[in-house]
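Protein chains: 4
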Amino acid sequence: MAKRRVGVWLIGAKGGVATTTIVGLVALKKGLAPDCGLVSQLPEFSHLELLGFKDLSIGGHEIRQTTLFDEAMKLHTVSRVLDQELLSRCKTELDRIDKQIVPGTILNVGSTIEKFASSSLRHRVETPRQAIERIQSDYRSFLKSQQLDQLIVINLASTEPPLDDSSLPARWKELERLLDRPAKKSPLAASSIYAIAALDLGLPYVNFTPSVGSAPPAICELALERETCHMGHDGKTGETLLKSVLAPMFAHRNLEVMSWVGHNIFGNMDGKVLDDPENKKTKVRSKDRLLHQILGYHPQTHVSIEYIESLGDWKTAWDHIHFRGFLNTPMVLQFTWQGCDSLLAAPLVIDLLRFTELAARRKEHGLLTFLCCFFKSPLGTPLHDFSQQFQVLKEWSRK
Amino acid sequence: MAKRRVGVWLIGAKGGVATTTIVGLVALKKGLAPDCGLVSQLPEFSHLELLGFKDLSIGGHEIRQTTLFDEAMKLHTVSRVLDQELLSRCKTELDRIDKQIVPGTILNVGSTIEKFASSSLRHRVETPRQAIERIQSDYRSFLKSQQLDQLIVINLASTEPPLDDSSLPARWKELERLLDRPAKKSPLAASSIYAIAALDLGLPYVNFTPSVGSAPPAICELALERETCHMGHDGKTGETLLKSVLAPMFAHRNLEVMSWVGHNIFGNMDGKVLDDPENKKTKVRSKDRLLHQILGYHPQTHVSIEYIESLGDWKTAWDHIHFRGFLNTPMVLQFTWQGCDSLLAAPLVIDLLRFTELAARRKEHGLLTFLCCFFKSPLGTPLHDFSQQFQVLKEWSRK
Amino acid sequence: MAKRRVGVWLIGAKGGVATTTIVGLVALKKGLAPDCGLVSQLPEFSHLELLGFKDLSIGGHEIRQTTLFDEAMKLHTVSRVLDQELLSRCKTELDRIDKQIVPGTILNVGSTIEKFASSSLRHRVETPRQAIERIQSDYRSFLKSQQLDQLIVINLASTEPPLDDSSLPARWKELERLLDRPAKKSPLAASSIYAIAALDLGLPYVNFTPSVGSAPPAICELALERETCHMGHDGKTGETLLKSVLAPMFAHRNLEVMSWVGHNIFGNMDGKVLDDPENKKTKVRSKDRLLHQILGYHPQTHVSIEYIESLGDWKTAWDHIHFRGFLNTPMVLQFTWQGCDSLLAAPLVIDLLRFTELAARRKEHGLLTFLCCFFKSPLGTPLHDFSQQFQVLKEWSRK
Amino acid sequence: MAKRRVGVWLIGAKGGVATTTIVGLVALKKGLAPDCGLVSQLPEFSHLELLGFKDLSIGGHEIRQTTLFDEAMKLHTVSRVLDQELLSRCKTELDRIDKQIVPGTILNVGSTIEKFASSSLRHRVETPRQAIERIQSDYRSFLKSQQLDQLIVINLASTEPPLDDSSLPARWKELERLLDRPAKKSPLAASSIYAIAALDLGLPYVNFTPSVGSAPPAICELALERETCHMGHDGKTGETLLKSVLAPMFAHRNLEVMSWVGHNIFGNMDGKVLDDPENKKTKVRSKDRLLHQILGYHPQTHVSIEYIESLGDWKTAWDHIHFRGFLNTPMVLQFTWQGCDSLLAAPLVIDLLRFTELAARRKEHGLLTFLCCFFKSPLGTPLHDFSQQFQVLKEWSRK
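First to last, the sequence lines map onto chains A, B, C and D. Position 182, counted from 1, in the first sequence is what this note's numbering calls 182; the numbers after and before it change by one each time, with no gaps. Position 296, counted from 1, in the second sequence is what this note's numbering calls 1296; the numbers after and before it change by one each time, with no gaps. Position 261, counted from 1, in the third sequence is what this note's numbering calls 2261; the numbers after and before it change by one each time, with no gaps. Position 146, counted from 1, in the fourth sequence is what this note's numbering calls 3146; the numbers after and before it change by one each time, with no gaps.
No lab work stands behind these hints, which were simulated from the structure alone. Predicted, not measured: the structure shown is a model, and the values here were computed from it. Do not take every clue at face value.
Said to hold, decoys possible - Taking lysine-lysine and the DSS-like style, the derived pairs with C-alpha atoms no more than 27 Å apart in a straight line are: (1) A:74 x D:3030; (2) D:3091 x A:74; (3) A:99 x A:29; (4) A:394 x B:1399; (5) B:1280 x D:3281.
To be verified - Covered, in the sense of this in silico footprint (three residues per stretch, anywhere, with C-beta under 8 Å from a C-beta of chain D), are these stretches of chain B: (6) 1257-1266; (7) 1296-1305; (8) 1309-1320.
What the hints assert, rightly or not - To give an idea of the interface, some chain C residues facing chain D are shown, with a C-beta separation under 7 Å as derived from the structure: (9) 2033; (10) 2036; (11) 2037; (12) 2038; (13) 2252; (14) 2256; (15) 2324; (16) 2325; (17) 2329; (18) 2333; (19) 2334; (20) 2335; (21) 2338; (22) 2343; (23) 2346; (24) 2390.
For every residue, glycine included, the Cβ atom is placed at its ideal position computed from N, Cα and C.
With the rest of the complex left out, here is chain A (with noise of 0.2 Å):
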């Protein structure tokens, strides 16, 4: 196999999750960082030919004014992750990615999204038509500056607000029709612009986050005609991971979930912007959806979700769960989880990466579903079981 040169390419680049997941690409480069939390670095993967991390180019796209060195020490100094002698070392790299990293597309993001925006990009007036052109000109420009054979496009960014998609048209012809009219009335949001900017130019796209992304039936078409592949969506880092977990086990056990409450509470932008809370419904429905998918039955739910500055990028989640076992006698599980949400969600989009760059060689075309045990809300699946998603990663594998 003659070198293939790959990059990816982060929305949302200097997000909480993108810059943890530079940082730790560089720190992989480097050999500073053991590959502790890499799902595709366990031995079962060991056989595939999955990228390396030396020759990876990294660039994206970013709403919001700042370097990647100051986002990593505003982590390492809020919530006391990342070692400050790792991003010193780090940092020659980081300021080279940071040039890397072009302005982005607020289209339809919300006005909470919008406010953190740069002022240029809050006054430029765009049709859906020219925000992708401009996109995969971004696109193009890195494919040939850096030589790349391949680029990964993963969507980190703030969660979208839930738009009205009813109207969306089931078929890519019929879309694409609608990508000149003005932005307010399209009903397409930028995740989906990334998206489709992406997929048209044959390019993987991940959505990472709750929103739409490539989620609608017609940009799923436009994926297989340009023969290309893409999956999502919302990483199940946490929460939602030890629900996909716990569920299993109270159906297998033929004990009835009377109800599921689970708070959250982190500090960090996400949790900023999901206090707005038409952004929170897109989170908060994915978070729920797959009790009923798991048990086949609807207990009481409750998911909240808090902004409390104090905890930073530390999500402290408490879930009480109450059961009802033998005799009709009632009992309770609780559990806390307290992670630092962007070294959850930073190794798993360096997994995605690997193993859609991989799905793209082996020419996979459509929804890789075969990544559902990373997504709270897996698209062309209605797998939530954990262990039974990681079989099928596993039997992919094994093709």
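Position chains B, C and D relative to chain A; hints supplied.
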């Protein structure tokens, strides 16, 4: 198929788990209880012709002097479980079953358990062989008086202290020769005596406790020679169930478990017996084994079991799992499990009865490893991941 | 001292707290219950000649159609509290008390509470003055029929939504003039109507709920004019009790509370009413106030209350306290509180009855601030530290 | 007041608590740290002329060979506390203080602690009197070289195993005679040796550890004879602090505590020493004493302390409190406390230094019982209720 008559024989027949199992069986027979908590009632197994609740005969061995109704009322009063009205409606039947429960053996059960035994039992002197013959005569009488085609023996007695089994011969022929030694010099304890008595008569034996039971190779050989089946040991009801569900998650996500601490408190008879450090050893060993096998390495672990009288049958476990995420970031999962011990165990006992009865009908011999999902320390298989264990049960059911 | 006959009049007399209070009073009278949970039975107060349980008369107002025994059995069945045998032994007495409970008023209680009212109440049209007069006639009849020297009125009804009290006059004379307005235009809600009715007759009034009750200055003036006493509001039973105990610890150790998050879940009637965001506002305000007053600064706080049906009367609170230690080190205290709401509240109601009755005998007028340890939002005092509040009660008792 | 020069002498000067105390004192002196966590900086005490941070001299005894900076960096690396930049800015000062730290004594400290000692210390043979004289000469040299008017000695060394003190004479004269016995036959351990050395010179002594220290009556007599003051023992930093805050709540509400279980896990040096069952005994006794004294009865209690290496200096406690409410209803409070041990203890050490220095200036002799709020087992007072203890401190400050 001609109508078969089946019986179940419980060792420790008036302990908390057995009492609850019997109340449950009576209530199910009378249609007074839902089947919540019964694995064998899941849709996955509805195609199997499992034993019904109607025509089951119940008998057993016990070393204490008490009645089933008194024990059930104690659970109601002390632990606030088992509805008083339900118990009133089952009383006649419970009193009838009381008469089928006969004195067991306290051979090598350790001084803590001996203290609970009736004085006639404490003064009885028997060699292991004499005990086996007496027990076999109990089994035979029950088979005859109830006109049974089959009798499943299930050990629910208190946990025995570990015996030194290094001198135990590996072949049945040789072990058989040791049965005439005086009890004190015998390498066997009561749980194995009951097992030998059953298997030697061709009766299936299930060990729901952490005691040795039928685990020694010589006794496994006996089961094969007599063409019967058996399985053990230590019912997986609570904290360990959660370990077998959560540990695979850490493994599949490549998150290194640095330490896993589990503290268990409860106030039932089992707790009193486990308060004796000797008996506790047997249990802790069983609760701690699986982490290494699932994770592939040895995190620091600590398991404690403490007798806290006020809790009655309510077992509360607090587990603290300290794990290392990406870039060496330490994170924490904690859970508390508040379950009523007897009500978690009883449905599994009924499930084991039904699946074992079917396996016996299917002429399966030796260890029933397909039942591994029910045990903390399943014999004959290294499988500890609960989700995979459940798949094994499902695959067996499809045969 | 000549034998005095005392009665207690409960508003919301068949709700969970009142039912439990009445069952408790009957059980104490019959010697069927220990005095565990009763502050007034502490050795500290044994020198006081507090009201005994023997000769107490019980009556009340209620808006729903049900019986005390049915409500008590519901607590038994749904929430596994109130022993069935105890209830059987109290039934005759409960049925007798049922007859002393008459229809209350739903004036401005909000649409959620209105839904629970009997249809005759829903169709009644009264001005506030008419309602007061009707209620006073209920109080008078009871005083007369039971030959009472004293009647203490205690509000245990569901939480009302907050009313706009900006237009409420500060003087009783002026407020009195508004009583003839039609109900909809009245700035008063039921809790205040009951309070005015009682105080105007010189009867002591205690508000155990977060509703306004006797808090307005004009009503306080009425109490002084009629030379009677009153106190409120919002019984401090669980999570807030813990806040008032733990917050002083952080203050005395100079540990800065950065955030204090409290999530409350429960499934009783109170929960159903508080599920209405309007009614919840009144409650949350009351639960959140004290932190600032104890700490002297405003940490970020979040209080949620959610109706989770399966929990019945069992209130579970999870609190997460994020605090800053020496050298800016962030640390965490979490607690979960699993208490049965009615059984936490009922003994306090009995305590308030007894202490208030003594205060009335001692001719105390106006707000009984010495009772502050019983309330989330004690009227007339800024004291929230529970330990200091208890000292105040002890000092009063020594007078 | 003429400018007084004061020093502090720390026993166990390079342990976690002492290192953090010294870093804290240096940081406060340089204005690099806020005063968060310091009780003595509360507004309640602002009228007192407490010792400032500027002119304090620091010295101490230590038995291990290490440097303050290395120990501080270990806390940073292993436990993620003590900011790296802060440490760099304090390094010069820490290195300077290192030179004022001299070898201590390991007389009767038990084999676990002995293992950590430098080999020269392990081979030194001294009678108690010789050890006292050597230590006094260390104190004198420091007083002289630093030109001090006062030196406060504070014991922060690891917990010693309990000694049999039944044969200890009650009078100083008699105890004094035993000092020439060989160490092995001496009823005194190192903590008492340091105490005698200090008090005999008229220097105040504070015992922050659970070791015996100055508690024996004969040593108390010495303090009075030399007209100096002392206090102990066992700093109340975490779980026990919470017990002394929560237990009064149960007492004041007449809620019967049926059982109180506390599990403590942590991974620092202290944890390693307490992993020796002998040393643990001393500690557990100190943590468990107060419940009986606050509640007035003996609930079942269980306290465990386990060394879990991965936790470093982060102590996690889980407490489960099972209590009986009204009508015998069992309820549960659970808490988890995640605090960094050294950072909880260090500010209290500084507070004790400052309050003790003022008490000495005020010519107070004997036990300083007004400091009881700082100790798990305060000498000379039965007061354990934290809130009342704090009142005692406040009252003293007003004198």
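Each hint tested on the structure:
Taking the CA atoms of residue 74 of chain A and residue 3030 of chain D, the gap is about 25 Å. The hint holds against a cut of 27 Å. Our distance criterion of 27 Å between C-alpha atoms is met by residue 3091 of chain D and residue 74 of chain A, whose separation comes to about 25 Å. The hinted pair formed by residue 99 of chain A and residue 29 of chain A meets the criterion: a straight-line CA distance of about 19 Å does not exceed 27 Å. At most 27 Å may separate the alpha-carbon atoms for a hinted pair to count; residue 394 of chain A and residue 1399 of chain B meet this at roughly 25 Å.
With a C-alpha separation of about 21 Å, the suggested pair residue 1280 of chain B and residue 3281 of chain D falls inside the 27 Å cut-off, and the hint holds. Counting residues of the segment 1257-1266 of chain B whose CB lies closer than 8 Å to any CB of chain D gives 5, so the stated coverage by that chain holds, three being the minimum. Taking a C-beta to C-beta cut-off of 8 Å, the segment 1296-1305 of chain B contributes 3 residues in contact with chain D, enough for the three needed, and the coverage statement holds. Counting residues of the segment 1309-1320 of chain B whose C-beta lies closer than 8 Å to any C-beta of chain D gives 6; at least three are required, and the coverage claim holds.
For residue 2033 of chain C, the suggested interface contact is upheld, since its CB lies about 5 Å from the closest CB of chain D, less than 7 Å. Look at residue 2036 of chain C: its Cβ gets to within about 5 Å of chain D, closer than 7 Å, so that hint holds up. Below 7 Å, beta-carbon pairs count as interface contacts, and residue 2037 of chain C has one with chain D at about 4 Å; its hint therefore holds. Given the 7 Å rule on beta carbons, the hint for residue 2038 of chain C holds: about 6 Å separates it from the nearest Cβ of chain D.
Annotation: interface hint on residue 2252 of chain C holds; nearest CB of chain D at approximately 5 Å, less than 7 Å. Restraint check, residue 2256 of chain C versus chain D: the minimum CB separation of about 5 Å is within 7 Å; hint holds. With its C-beta approaching chain D no nearer than about 6 Å, residue 2324 of chain C sits inside the 7 Å limit, and its interface hint holds. The beta carbon of residue 2325 of chain C is positioned within 7 Å of a beta carbon in chain D (closest approach about 5 Å), and the interface hint is therefore held.
Of the supplied interface hints, the one on residue 2329 of chain C holds, with its beta-carbon coming within about 5 Å of a beta-carbon of chain D, less than 7 Å. Hint status for residue 2333 of chain C: holds, given a least beta-carbon distance of 5 Å to chain D, under 7 Å. About 5 Å separates the beta-carbon of residue 2334 of chain C from the nearest beta-carbon of chain D, less than 7 Å, and the hint is met. Annotation: interface hint on residue 2335 of chain C holds; nearest CB of chain D at approximately 4 Å, less than 7 Å.
Hint status for residue 2338 of chain C: holds, given a least beta-carbon distance of 5 Å to chain D, under 7 Å. The criterion of a C-beta within 7 Å of any C-beta in chain D is met by residue 2343 of chain C, whose closest approach is roughly 5 Å, and the hint holds. The closest approach between the C-beta of residue 2346 of chain C and any C-beta of chain D is roughly 6 Å, which is under the 7 Å cut-off, so the hint is satisfied. For residue 2390 of chain C, the interface hint holds, the least distance from its beta-carbon to any beta-carbon of chain D being 5 Å, beneath 7 Å.
Of the numbered hints stated above, none is contradicted by the structure.
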